[in-house]
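**Q** Sequence:
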Amino acid sequence: MADYLVIVESPAKAKTIERYLGKKYKVKASMGHVRDLPKSQIGVNVEQNFEPKYITIRGKGTVLKELKSAAKKAKKVYLAADPDREGEAIAWHLAHSLDVDIHSDCRVVFNEITKDAIKESFKHPRSINMDLVDAQQARRILDRLVGYKISPILWKKVKKGLSAGRVQSVAVRLIIDREKEINAFVPEEYWTIEGQFLKGQKPFDATFYGVNGKKKELSSESEVKDIIKLIDGNSFKTEKVTKKERKRNPAVPFTTSTLQQEAARKLNFRAKKTMMIAQQLYEGIELGKEGTVGLITYMRTDSTRISETAQAEASTYIEEKYGKEFLGLRANSSKKSSNAQDAHEAIRPTSTLREPTLMKEYLSRDQLRLYKLIWERFVSSQMASAILDTMSVDLTNNGVNFRATGSKIKFPGFMKVYVEGNDDQVEEKDKMLPDLKEGDEVFSKDITPNQHFTQPPPRYTEARLVKTLEELGIGRPSTYAPTLDTIQKRGYVSLDNKRFIPTELGEIVLELIMEFFPEIINVEFTANMEHSLDEVEDGQKEWVRILDDFYRDFSPRLEKAENEMEKIEIKDEPAGVDCEECGHHMVYKMGRYGKFMACSNFPECRNTKPIVKEIGVKCPSCEDGMVVERKSKKKRIFYGCTQYPECEFLSWDKPIARSCPKCNNMLVEKKLKKGIQVQCMECDYKEEPQK
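The sequence shown begins at 1 in UniProt numbering and counts up one residue at a time.
Quick caveat, the hints were computed from the structure, so don't treat them as lab data.
It should be emphasised that the depicted structure is a prediction, and the values quoted were computed from it without experimental measurement.
Each hint should be verified, as a subset may be incorrect.
Below are the BS3-like pairs computed for lysine-lysine, each with C-alpha atoms no more than 27 Å apart in a straight line [claimed, not checked]:
| id | residue 1 | residue 2 |
| --- | --- | --- |
| 1 | K437 | K247 |
| 2 | K15 | K289 |
| 3 | K498 | K416 |
| 4 | K15 | K53 |
| 5 | K489 | K589 |
| 6 | K416 | K243 |
| 7 | K372 | K243 |
| 8 | K670 | K654 |
Pair ranges (Cβ atoms, derived) [unchecked claim]:
| id | residue 1 | residue 2 | range |
| --- | --- | --- | --- |
| 9 | T468 | E648 | 41 to 47 Å |
| 10 | K289 | E687 | 37 to 43 Å |
| 11 | T468 | D143 | 18 to 24 Å |
Don't be surprised by glycine CBs; every beta carbon is placed ideally from N, CA and C.
Model the full structure from these sequences, guided by the hints.
**A** In C-alpha cells:
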C-alpha cells in the first residue's frame, strides 16, 4: 500500500500526477466538491452568525467512502485541489470529512501539471489558508442568500423557474441599458471628403482636414459644396511632412478574462467552450511516449505574472528561433491588479518548446486552435516591441487642407508571432505614401464627398460583456462563463448574430429587482462587494461582518417585496394560426432556446412548433413546400422545407429565387470573409463576391 494519499479534483489529473510522484504515492480524485449547502433549503442560519449547514453532495457518498478508506491506510494525506479560493474550500471540506488537521502541512498547490512543478510543490506543503476559505464561504453564502430569498418571490409574482443573482442581474442590466441607449439613439449627419492624389504616377489617398490649417467638421451637404467650390483646379501643394518612429508594445499574457475575449474574437468560441477546452489542456493531454502532460498553466487567474523559469526558457527559444534583436529588453508581465490572486501566474504554455505544430497530432482541432492562441500570446509577450515608421502629409489648395497618413513596419518585433485582436479595429498593415517633401506639387485625381450618419453603440457580444464586467470589477474570472450561460437559460436575454438582446421577461424581472432590491443590480455596490471579499482573503476583514452588513439592509427589502410586489401575468402572444391537432389558437412561448409556438389548449394538447421565417423560395426537392429559415439548438441558422419531415431538404446556405444559368438547379448565398458569393448547390457555377 502507498505511504501517501494525494487528493485532486479530477481523474485526468490524478493519473498524470501519480506517474510523476512514484510508487509511494496514491492519487485519487474527489470529483470536485464533496460537501455543499443543501439544494432543498437555504442552508444558512442567519441568526447564528450565518452558520452554513453543509451536507454530503448527493451521489458523492461512494467517492467519500473510498477516500476515507484510503486515508485511514495512508501515513499522510495531501490535499491538492486547484490553487484558488474554491480549491482551498474543497481542500477544507475534504479535511473536515477525512479528519485531516487543517493546521498541518496537508495542502499542496501547483499552477501547472508538469513533473518539475509537481515535485517542487510537494517540497513545500502548507496548512489550509482559512482566509481563502472564508472568502469563498462568504461568496457562497452571499449568493445563496440572494438566490434563495429573491427567487421564490419571483416564482410567486412572475413565473416558476426564474432566478436572481448578484453577477447575473448586473449582466442583464448592462444588456438592457445598452438596448435602451440604442433605442434612444438619434443619428446625426456628418460628411467626409475623400481625395485620390497622384505624385508622378504613384497614387495615394487623403482626407479633407480643414480650412487654413484649422480642423473643420462637416455636418451638411451645403458645407461640403462650399468647400469643393473653394478648390481651385487640381494642383495641391505639399505644405507639411511629418515623419516619426512609433513603438508598439506586445500584449501581456492571458488572464481568464482576456483569454475568453480573444478566443471569442479570433476563434469564435463561446466563453463556456473556451473554459472547457482550457481545462482539458491544463489537466493533461496524452503526448505519445511522453505520456499525459499538462500543456498550459492554471486557467482561472487574474494575474499576468510569469515565473523566471518560464521567462528564461522563452528568451532562449526566441533568440534561437528569431534572433537576439527579437528578444524583449524587459519582462512584459506584471500583476494584473492590486486584488489579483498573484499566487497564480498568467495563462501560458507549460513549455515554450512545445510548439503548436509539434502538438498537432495529439490535439483535436479546437484544442489546437486554443493552445496555439495561448502559445503565441505568451511568446509574443516576451518579444521586442515593433517599430513603425509613420508619415503624415498636409496638402493645400486655396486654403483647403487635405491630410494623408501612412505607416510602414520597420521592425516587426512581437508582430512576427502574434497581434492582439480588437472589437473595433482591423489589424495594423502597411499603408505606404510616396516619398513627399515640403513644397512638392501633387494632383488630385478624384475628390468624392461622402454622407455618413453616426451609429448607436453596439450590442454586447460575449467578448464585450466579459471585458465590461471585468473593467467594472464585477464577479471573478471563473464566474463569467456560467453567468452568461445562466442568463440565456433563464430566458432573460437571447443571442442574435452573436449579440445579446434582452427579452421581455428579462426586462420585467430587472424592473422588479430595480424597484425592490436596487443594491443587487447596482454596479458600484457589486464591485465594492468583490473588493470586500478580496479583503477577507487578505485577512483584513471578517466574513461574518460583511454578510451582517449586507443582510441588515437586505432583510427589510425582502419583507417589503413579499408584501408589495404585484403579481405579474405574462400573457401569451397569439401566433395568428390554429393548432392542426385540436383547432385551438397557437401562442408564442419563451423556452430555453428562445421563442416557439405552442397550443393554447395546454396541457390537454401538447403540440409545439418552431417559429419559422419564409424567404420566398420554393423547395427544390418537393412540389408543395416553401423554404423557411430555422434555428438549430446552438442558434445556427439553416434552411429547410415547410413539409419536413416528409421532405428532408436542408441547406446551411441561404437559397435565392434564381436558378443556375448553367444547370438550372438552386442558387444559394454563401457567406465568405470577403463578402457574400452566389453559387450553385450542384455544379461549379459561381458569381463575383458582393461586399
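**Q** Next step is simple, just say for each hint if it's right about the structure.
**A** Here's how the hints hold up against the structure:
Annotation: proposed proximity of K437 to K247 holds, straight-line Cα distance about 24 Å (limit 27 Å). A hinted pair counts as satisfied when its Cα atoms are at most 27 Å apart, and K15 with K289 qualifies at roughly 15 Å. Distance restraint check for K498 and K416: the Cα-Cα separation of roughly 30 Å exceeds the 27 Å cut-off, and the hinted pair is therefore not satisfied. The hinted pair formed by K15 and K53 fails the criterion: a straight-line CA distance of about 33 Å is larger than 27 Å.
Straight-line distance between C-alpha atoms of K489 and K589 comes to about 14 Å, which keeps the hinted pair within the 27 Å bound. The hinted pair formed by K416 and K243 meets the criterion: a straight-line CA distance of about 24 Å does not exceed 27 Å. With a C-alpha separation of about 36 Å, the suggested pair K372 and K243 falls outside the 27 Å cut-off, and the hint is violated. A hinted pair counts as satisfied when its Cα atoms are at most 27 Å apart, and K670 with K654 qualifies at roughly 7 Å.
Checked against the hint of 41 to 47 Å, the C-beta distance between T468 and E648 comes to roughly 43 Å, which is consistent with it. Distance hint check: the CB atoms of K289 and E687 are about 52 Å apart, inconsistent with the given range 37 to 43 Å. A C-beta distance of roughly 21 Å is found between T468 and D143, which places it inside the suggested range of 18 to 24 Å.
Going through the hint list in order, the structure does not satisfy hints 3, 4, 7, 10.
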